[in-house]
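Novice: One-letter residues, chain by chain:
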Amino acid sequence: MINLVINGLNVSVEDGSTVLEAARFLGFSIPTLCHVDGLSPYGACRLCVVEIGEGPRAKLVSSCTYPAEEGLKVRTASARVIRARKMILELLLASCPQSKTIQDLAAAHDVRQQRFKQEYEDCILCGLCVRMCEEQMMAKAIGFRGRGEKRSIGTPFDIKSDVCRLCGACMYICPACQLRCTYNEPEKAICGACANLAPPCVEKDQFDDMMCYMDPCVACEIQKDK
Amino acid sequence: MNQAATTESEKDILEILAKHGDDQGGLIAILEEIQARHGYLPEDALRTVADETGRSLVDIYGVATFYHSFSLEPRGKHLVSVCVGTACHVRGAPMIAEEFERQLGVGAGETTPDREFTLQTVNCLGACALGPIVVVDGHYFSNVKPSKVAGIIARTREGLDEIEVETDERVFPLEVNCPHCNHSLMDPARPIDGLPSIRLTISFDNQHCGFNRSCLYGSFHIKSQIDIPTDTVLYFFCPHCYAELVSASNCTECGAPMVPMVLRAGGMMQVCSRRGCKSHRLDLEGVHV
Ligand code: FES
Ligand code: FES
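As you go down the protein sequences, you meet chains Z and U in turn. For the first sequence, the working numbering gives the first residue as 1, with consecutive numbering after it. For the second sequence, the working numbering gives the first residue as 1, with consecutive numbering after it.
No lab work stands behind these hints: they were computed from the structure. Ideal placement from N, C-alpha and C gives every residue a C-beta, glycine not left out. Check before you lean on any hint, since a few could be wrong.
To be verified - Across the chosen pairs, the derived CB separations fall in these ranges:
| hint | chain 1 | residue 1 | chain 2 | residue 2 | range |
| --- | --- | --- | --- | --- | --- |
| 1 | Z | Asp158 | U | Val90 | 32 to 42 Å |
| 2 | U | Tyr235 | Z | Phe116 | 33 to 43 Å |
| 3 | Z | Asn10 | U | Val90 | 48 to 58 Å |
| 4 | Z | Glu135 | U | His240 | 36 to 46 Å |
| 5 | U | His180 | Z | Arg80 | 21 to 31 Å |
| 6 | Z | Glu69 | U | His68 | 29 to 39 Å |
| 7 | U | Gly266 | Z | Ser29 | 52 to 62 Å |
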């Protein structure tokens, strides 16, 4: 067991826990975006920042990747943390304002405006879909490509991957395109991409265990219409 | 696609993979070697690597697209790299890059339609004091000005390897030591190009002999006691401590091992061990010019 202090409260957690898990155990809520139970921690969004250490040596770390250490002093909502978190939300809003998940997070943290150049990216490179594909769906069909400005997520050579089962898990988990499957309520559709999607079950026979995540499913809706 | 050619290149790749064995960490080395042989990373090659090594294609593709030195598209015959690193930038590198783009008619990262030139920009080649730097097929051009661009292109078309030693500004003399015993390798008794040469011993096909090469960077004049057929990969030894001079990395052009020598001014020079291959690398790290 590891003993640490979170917001002045002592807590002991199991070896190998992260600071985020320890804080959640005590009931302190820390907002997260790129962290999902069942997927390995990745530390991409930085939304889960907390302050560790004391005095001039205090620093901000991402709690989802920081391992709980003996005697660690953690503050989950100090002024510095709040400021950093708001800034991160502004940056996320600046790159991907159309995501419901990000909008909700921003609203919950009282961020109503962002001060950067507005962009309309589809992807915030949180890597959730990549980890989902690899760790839960055991497919490894998509991954990160390129670097820097050109970094993107997709299949090798941008063609349909041989190992993709079209299960839709990547879309299910994506915080930026979660709401795209609004095919049956077109007036609410955000991007309409679902309407152009190859229905996932077309090649279903090939895979007995499809684990389809599309809900509502475009293909099923089309089927119903007929 | 030509069937024979595919199997041929596949054999090639299997050979490279066999050399690297099961070493899980060797992906970059494998890709480098494929790129050295083919000039780029063909899609089929990446698929073969994935199948053979059990890595997933996404991972390999991720690595191949991450590093600037890998290219997924065939490159031109000549590779022009314009340094736009900080030091070169303040000395006017953007103008040089633009001039190349204008004269070649392609943007950075593109290849001319006739497959002659590939233009790329790079961030710092480690020779900042001589900037702006342009490297064409491993030949360094220093203090480049926009007015010199046309000349560089013309000279590349003519063939960069023909060098007039007396007049060419790209050649400069180097003094080198053995990386093992640090003994000087300079040989004033057997001058080449009018300067002391670099003395080494070589062996190939059970023959051993002394070997001198020009100390001018950019000149490939040599003297050898026995005739060396082109394309032979030679083994180089220090004439003083008899240690073999071989570096961990392979030639990016032909895949043969490189021969390291220590520059007296600091840094490393590496030349390809294949007779006739003109690949060489200058690593000026730590030089205070
Ligand atoms: S949740 Fe920790 S960095 Fe995204
Ligand atoms: S910036 Fe061009 S060589 Fe360093």
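Novice: Taking the numbered hints from earlier one at a time, note which ones the structure violates and give those numbers from smallest to largest.
Specialist: Numbers 2, 4 and 5 - these are the hints that the structure violates, sorted from lowest upward.
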